[in-house]
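The primary structure of each chain is shown beneath.
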Amino acid sequence: MGKLFAVILAVITAVSAGVFIARVWWLPPDISVLGAGIDHQLGETMIASGVLFVVSQLVLAAFVWQYADAGDGRPIKIFPGGATPMVVMATVLVGIEILVLTLVGTKVWAGIFLSPPDPNALHIDVQAEQFAYYFRYPGPDGKFGVPHPELIDDGNGNFFGLDPANDTTARDDIVSASLVVPVNLPVLLTLHAKDVGHAFYVPELRIQQDFVPGLVIPLQFTATETVKKEIVCTQLCGLGHFNMRAYLEVKPPDQFAQWLTEQAAQ
Amino acid sequence: MRTKHVASFALLVLAASSIAAGPAPRAVSISGTVTFTGTPPKMLKIDMAKEPSCEKQHPTPVMTESVVTGPGSTLANVVVYVSAGDQPGPAPTETVRYDQKGCEYVPHVAVLHVGQPLEIYNNDQTSHNIHPLAKANPEWNKSQPAGSPPIKATYDKPEFIAVKCNVHPWMHGYFAVLGTAHFATTDGNGKFTISDLPPGKYTLTAWHERFGVQTQEVTVGGSEAKADFVFKALPY
Amino acid sequence: MSDTPAPPPVRRRETVEKVTALKHRPPTGFLRTYVFSLDHKVIGKQYLDLALVAVVTGMVLSWLMRFHLAYPDVAIPGLGRLAPTRGAGGVMTPELYLSLMTMHGTIMVFFVLTTAPFAGFGNFVLPIQVGAEDMAFPRFNMMSFWVTCVAFLVLLAAFFVPDGPPLSGWTAYAPLSAIGKDAGPGQGGGQTLWALSIAIFCVGQLLGSLNFIATTLDLRTRGMTLMRMPYSTWAWFITSVIGLIAFSVLLPACILLILDRVAGTSFFVPAGLVVSDRLQPHSGGSPLLWQHLFWFFGHPEVYIAILPGFGIVSHILPAFARKPLLGPKIAVGCMAAIGFLSYTVWGHHMFLSGMNPLSATLFSVPTLIITIPATIMVLLWIGTIYGSRLRFTTASLFCLGFVSVFVSGGISGFFLAQPSIDTYLHGTYFVVGHFHFVMGVAAMFGIFAGTYFWFPKMYGRMMNETLGKIHFTLTLIGVYATFMPMHYLGLAGNVRRYSAFTDDYMKGSQPLHRFITMAALFTGAVQLIFLVNLVWSRLRGAKAPDNPWQATTLEWSVPSPPPFDNFGGKHPVVVHGPDEYGGTSPEGDFVLQAAPPASGTA
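So the sequence lines, in the order shown, correspond to chains Y, W and C.
Going by my numbering, the letters in the first sequence line up with residues 491 to 756, in that order.
Going by my numbering, the letters in the second sequence line up with residues 5 to 240, in that order.
Going by my numbering, the letters in the third sequence line up with residues 456 to 1057, in that order.
The set of hints was computed from the structure by calculation and includes no laboratory data.
Think of the CB as a built atom: it goes at the ideal place given N, C-alpha and C, for glycine as much as any other residue.
It is possible that some hints are incorrect.
Claimed, not checked - Calculated lysine-lysine pairs in the DSSO-like style (CA-CA distance at most 30 Å, straight line):
#  : chain 1 : residue 1 : chain 2 : residue 2
1  : Y       : K719      : C       : K962
2  : W       : K105      : Y       : K718
3  : W       : K156      : W       : K60
4  : C       : K962      : Y       : K741
5  : Y       : K718      : Y       : K597
6  : W       : K60       : C       : K962
7  : Y       : K567      : C       : K784
8  : W       : K105      : Y       : K719
9  : W       : K46       : W       : K60
10 : Y       : K567      : Y       : K633
11 : Y       : K719      : W       : K49
12 : C       : K636      : W       : K139
13 : Y       : K718      : W       : K139
14 : W       : K49       : Y       : K633
15 : W       : K161      : C       : K636
16 : Y       : K718      : C       : K962
17 : W       : K236      : W       : K46
18 : W       : K105      : W       : K46
19 : W       : K60       : Y       : K741
20 : C       : K924      : Y       : K567
21 : W       : K146      : W       : K60
22 : W       : K105      : C       : K784
23 : C       : K924      : Y       : K493
24 : Y       : K741      : W       : K49
25 : Y       : K719      : W       : K156
26 : W       : K146      : C       : K636
27 : Y       : K718      : W       : K60
28 : C       : K962      : W       : K105
29 : W       : K146      : W       : K195
30 : W       : K139      : W       : K236
31 : W       : K236      : W       : K161
32 : C       : K924      : W       : K156
Said to hold, decoys possible - Cβ-to-Cβ under 8 Å is the rule here; a few derived chain Y residues that face chain C:
#  : residue
33 : W516
34 : D559
35 : V584
36 : I586
37 : Q699
38 : D700
39 : P703
40 : Q725
If we strip away everything but chain Y, and leave its shape as in the complex, we get:
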């Protein structure tokens, strides 16, 4: 029975690790300036974890195979050195690994979430609601109109509750159902939720951020390739959670400017 267990464990370990190593299912290519940092962190962790996983499962399997009771009355053996050296070594090794990963990882984290907003960033206001995203560009005046929750009227296209009749800054705001951004230029999103908690996730950008009702949360990124990818919701928001998405379209700067003009004309 012990041998069977050991063999099963070894096979499971080999198959599991093999699928990871072969990257059969893996992260999509990153399109963000900060993506490489995250991918590097993930890769380092994957190697360290992979070694730990394979070694510990195989040692467990080997010991179970080796130390089955043979009925021969042989004496038991204590692990060489006892517990203390093993524990000290584990503490030191794991401790060093933790230290290194924390130091490197904090830099990556700070790069995304603790950096001051780039003054040249394109500012886009993002509203998440049950179950869609709407994006607002400030328009030629560079200012966002004031949103009034009581004026929100989805059926008539007033998603943000703007009051163009009385609010001049709101008149040129451009509202879009897709997030269109220029390539290689920093973008600053301000995220706010209309009703319940939502989240913004683009796997290719390697960023994710919850929308919290009552808060306005900034999120920065710079996209490095002209692609069309999906933004999906990762914070359970109700029945339409699975279907809540928008498209991120990264355009060359001239096409972006053209798109902006077309939108403003409407």
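Mind docking chains W and C on chain Y? Use the hints.
Showing chains W and C alone in chain Y's frame:
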């Protein structure tokens, strides 16, 4: 001799009763046109980017439908109905059908009698959720994945109920639940006809989702009556 | 006279005897014996039976979910009758999927993983292991079980209200859970019942924790010093301390949630929310407050689920390895360290929640540090197997399996503990794979190990070992096949809590989801072997001797099943540690904890 007397007496009775009953009532109709004055608000283009399976179904841009106008300043989707002077009757049994097609509600306004069966169909490849925002009637909210059977509903109180889909926020429609079987909705040319009305005095109400409500007294005699409505359009 | 040890304090024995004299009478009548019993052994078995009902319910819910994910276009036969509103025509609506998911998580975490390993086994075994005749507060004990039962019934009632069960997940984040009906289907009465059920559950657990702490500290028999306590007793003791603090926070949180829903308060709901076209009348609340309160409970909760497993494995493994646990004091220290550290890490569930990004580092460091005592425990177990004479019974196999699956689950946690990686993996199937490995598999293996080990003591009959070994082998393969692929899905960005995968980039994951569903249904079917074994053994199992495993601790020095007052009126005197295996003695290669009868009777 006696038979002749009986026969003429019977004929007399017959003639008298038909005179006493009066002429048979002829069902007449009221028709008219609904127009507006002033500048209506601009309808906005609906962006269905999040649902490519619906976006594909519309080769030309889809506009919001709260104000749909026709040639000659006519107004479509106005519900015209008899709000007074009508005899209450049983609910019609034919089903009113409400379709979700191309991520839009067809018709934009579904008119039905209190207690009349309503069936909601999902013809799209995506899931919808139907949320009629009823206040006088019980409010409900149900998902309808693609391939589900139709949702059956009835309403017991007259009410104009806004209908929304949370999954596709631009979807917007109405259920007009009325206490009368005499109603009509204006078509693309702003025209309506309410038929099968016995002659009499009636109050007609015209309801538009943006421009409000207008009423008129109409007396229906032996022939078709006319009633026109004019709404004042507001730009916002 | 300072070098002669002082005689043991007489006070404690008097206390025990006084307690016995006042409260401990044999029960009379059916109700007092089997229903409203004050006997910790009956209560423990009642908890285990409740957990059994709960786990079957939770598993059935998961089968429905997994079937839908694998075959979203196939109508599920019978669903239309079970759920006429949300499953009309057998088509599972998104709200039904999310409701099933919410109830699955809630039932499994609370009514299986918090009851069976802790209240179930702990109640039965701990008093005997410390040499007591019952728990310190038998009436509190009985109340705690029945309160837990009421909580379960209140939760199940959510299936029958017009709006259906809640769909906000077992985490019930505000404002989705706090606003009420406007937030959508499932968020009507069902959510209020959910919050009420959990609040009642907290009360039951608080009563239980008090009992465990008092019993462990005060009712140990003569000679049972803290360091001679079995590791399982230590684990239950530490778990009860964690539980006391954690449930004390969840209870008010649930009350505040109920107030927001029914009394118009705004603890968790800010101003200006427009839900279903209606401006909500709340103002001034914070959704993050709910998250902090919930996870301050929630993280220690998962250690409440796993620590008894640590204790059970540390207790059972030496018995079948025929050697003492490597590093006994270190093991106890690690369990205590994990218990303490569990309070410092809750923010790792909230890295992306909108709280100050600096706090991410603050929470990440202790989360990574917890890896150290957990790693040490694994090394101690593996080190115990080194040089041992392993006996393969179903109980010991589940302990070995526990080590394997705990390593797998712990390692995936290592990824999620780092905020920069969590930025990508949060909310994906990677998280689902991680917590199912540690909770749905490792904690379950602990429960299985405890069942196969203590069943003879509880019911006086042996379980069928052949069926047990088949159960173990197929389950081990099945759980790896079910939950390992979830990590691959997560790496590919497959989002969790989705009732369907309609997004372009997730469409390709369908084959893997089908594989997982097949594996899950297979593993579920295998559990029938366990159920059959349980029932058959209770009725027809071979009669169990007092000490079928040749184990050392006090529960194996009493008959199977034990008499009403555990020790037949005698109080054992303990002279040995809990795992003295491997030497030679009159009994064989082990030494019972209690001294031989000649020198120890009261």
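Status of the Q699/Y interface restraint (C-beta, 8 Å, chain C): holds, 6 Å
Proposed proximity, K46/W with K236/W (alpha carbon, max 30 Å): holds, 15 Å
Satisfaction of hint between K636/C and K146/W, Cα-Cα up to 30 Å: Holds - the C-alpha atoms of K636/C and K146/W are around 13 Å apart, at most 30 Å.
Satisfaction of hint between K236/W and K139/W, Cα-Cα up to 30 Å: holds, 27 Å
Hinted pair K105/W and K784/C, Cα distance within 30 Å: Violated, at about 69 Å.
Residue hint D700/Y, partner chain C, criterion CB-CB below 8 Å: With Cβ-Cβ at 5 Å, under 8 Å, it holds.
Status of the P703/Y interface restraint (C-beta, 8 Å, chain C): OK, holds: P703/Y within 8 Å of chain C, min 6 Å.
Agreement of K962/C and K741/Y with the hint, judged by alpha carbon distance not exceeding 30 Å: Holds, at roughly 25 Å.
Given hint K633/Y paired with K49/W - CA-CA distance at most 30 Å: Distance ~23 Å between K49/W and K633/Y Cα, so the pair holds.
Pair hint K719/Y and K962/C, alpha-carbon separation not exceeding 30 Å: holds, 14 Å
Hint validity - D559/Y Cβ closer than 8 Å to any chain C Cβ: Since the shortest Cβ distance to chain C is 4 Å, the answer is holds.
Restraint check for K962/C with K105/W, where alpha carbons must lie at most 30 Å apart: holds, 23 Å
Hints 10, 13, 22, 25, 29, 32 and 36, counting from the list given before, are not met by this structure.
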